[in-house]
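Kindly generate the complete structure, drawing on both the sequences and the hints.
Chains A and B are the protein sequences, given in the same order. Using this note's numbering, read the first sequence as starting at 1 and increasing by one per residue. Using this note's numbering, read the second sequence as starting at 1 and increasing by one per residue.
A couple of the hints might just be wrong.
[As the list claims (entries may be wrong)] If you want the footprint, here are the derived chain B segments under chain A, 3+ residues with CB under 8 angstroms:
(1) 28 to 39
(2) 56 to 67
[Stated by the list, open to error] When the alpha-carbon atoms are kept at most 16 angstroms apart in a straight line, the in silico EDC-like pairs for lysine to aspartate or glutamate are as follows:
(3) Lys188(A) x Asp225(A)
(4) Lys77(B) x Glu274(A)
(5) Lys247(A) x Glu274(A)
(6) Lys186(A) x Asp225(A)
(7) Lys77(B) x Asp111(A)
It should be emphasised that the hints constitute simulated quantities derived from the structure, not laboratory data. Here the structure is a predicted model, which means the values were calculated and not measured. By construction, the Cβ of each residue, glycine as well, lies at the ideal position given by its N, Cα and C atoms.
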Amino acid sequence: MTDRSDDPTPAADDAVGSAEPSLDDFALRESAGDAAERVVAGQSRAEDGASGAVEGDGAPAPGAKAARRLRPVHVRAGALIGVLTALLGFAIAVQVRSNSSSDSLSNAREDDLIRILDDQNARADRLNRQIADLQNTLDELQRSGNSDAVAQQQAQRELESLQLLLGTVPASGPGVTVEISDPQRKLKAEDLLDVVEELRGAGAESIQFGPVRVTTATSFVDAGDGVHVDGQALNAPYRVLAIGEPKTLDTALNIPGGVAATARNAGGDAQVVEQQQVDITARSTVPSPKYAAPAGR
Amino acid sequence: MIAGLALVIGLVVGLVLRPTVPHGLEPYLPIAVVAALDAVFGGIRARLDGIFDSKVFVVSFVSNVVVAALIVFLGDKLGVGGQLSTAVVVVLGIRIFGNAAAIRRHVFRA
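Below, the structure written as structure tokens:
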């Protein structure tokens with residue numbers, strides 16, 4: 001490659017096939033310029049490259065002379081070509097390396113970058129929408145979870161109050177204790193029921209009559225040996241515990257013509273003591289309904 | 001021969017030094033490489049045809065690179081850099097193929 005061709009034929013421009021005349025012309029001009037340069041370089045006109053081949057082998061001596069003279073030029077051209085191809089190799093290596101490096105964005109051109117940015121923005125939008133959707137779902141689930149918990153708490157409270165009202169659990173709170181003595185055994189079942197009703201009327205929430213928890217189904221029956229409360233025979237003195245507003249209960253029992261008056265009329269007494277803490281420990285059992293079922297819900 | 005040796009040396013130097021491409025040159029380097037490859041293939045073909053000329057090679061090499069880079073630069077300025085570099089690569093690729101075909105005919109006689 002470094003060897004300059006002696007052939008004066010215009011070198012086809014490497015870029016284009018030799019079939020194209022205009023480019024050949026260009027190459028011809030190039031050759032001519034080349035020759036001219038050499039002339040300027042002070043070399044003899046006759047042996048110069050363009051005519052060298054025409055004289056060809058017929059004039060070997062001048063040709064050899066010319067070749068000798070051209071040697072520095074050869075070397076220079078060869079060096080130049082070497083430098084250029086080395087640069088090409090260098091550029092190829094650099095480009096391949098930078099292209100295969102992980103940070104491929106740094107070599108991307110502007111419109112590609114814009115497209116990539118658009119893609120990324122669209123993706124971010126999509127993901128943001130997805131986040132919002134999921135957030136909504138999460139909120140909804142949390143809300144429903146909360147409302148579930150609230151409903152459960154509500155149900156729990158309801159259950160507890162129902163248990164208290166039905167007397168299935170022990171109860172405690174402010175209230176009164178009532179001691180009813182009846183030495184002459186003149187108090188009938190209805191008088192004792194009056195006590196309970198009076199207490200209920202005054203807002204008592206839990207009542208224990210003797211050892212019996214008073215519920216909606218509690219019965220008071222006169223019997224020969226006293227009074228049967230829920231089938232349990234009780235005798236005076238009767239001890240009644242009631243939970244409610246102590247003052248109100250006290251007043252209700254002591255109103256004129258009320259429970260206390262009845263007891264006193266019967267020769268006994270009714271001692272009402274207001275207390276901040278009354279513990280009702282008796283429990284009733286609630287039979288599970290056999291026929292009735294909740295309706296509507 | 002020197003050219004092939006220089007190419008290998010350049011490759012090795014590029015691989016060893018691991019230089020980073022200056023940001024301003026990034027769009028032009030691949031185009032310049034393709035243009036230079038075109039010149040090299042043309043040079044090989046001319047050599048096989050027996051019409052190789054160092055000066056033509058050097059000039060065409062440099063001008064190829066410069067013109068290709070210039071076209072891409074202009075395209076970038078006009079806002080059609082991507083398309084123009086594609087055009088340049090296509091044209092140069094076609095010519096490389098043509099030159100490669102000529103070289104093949106020389107080497108394999110087929």
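Evaluation of the provided hints:
no., hint, in the structure
1, 28 to 39, "holds (count 8)"
2, 56 to 67, "holds (count 8)"
3, Lys188(A) x Asp225(A), "holds (11 angstroms)"
4, Lys77(B) x Glu274(A), "violated (100 angstroms)"
5, Lys247(A) x Glu274(A), "holds (7 angstroms)"
6, Lys186(A) x Asp225(A), "holds (12 angstroms)"
7, Lys77(B) x Asp111(A), "holds (12 angstroms)"
Checked against the numbered hints given earlier, this structure breaks only hint 4.
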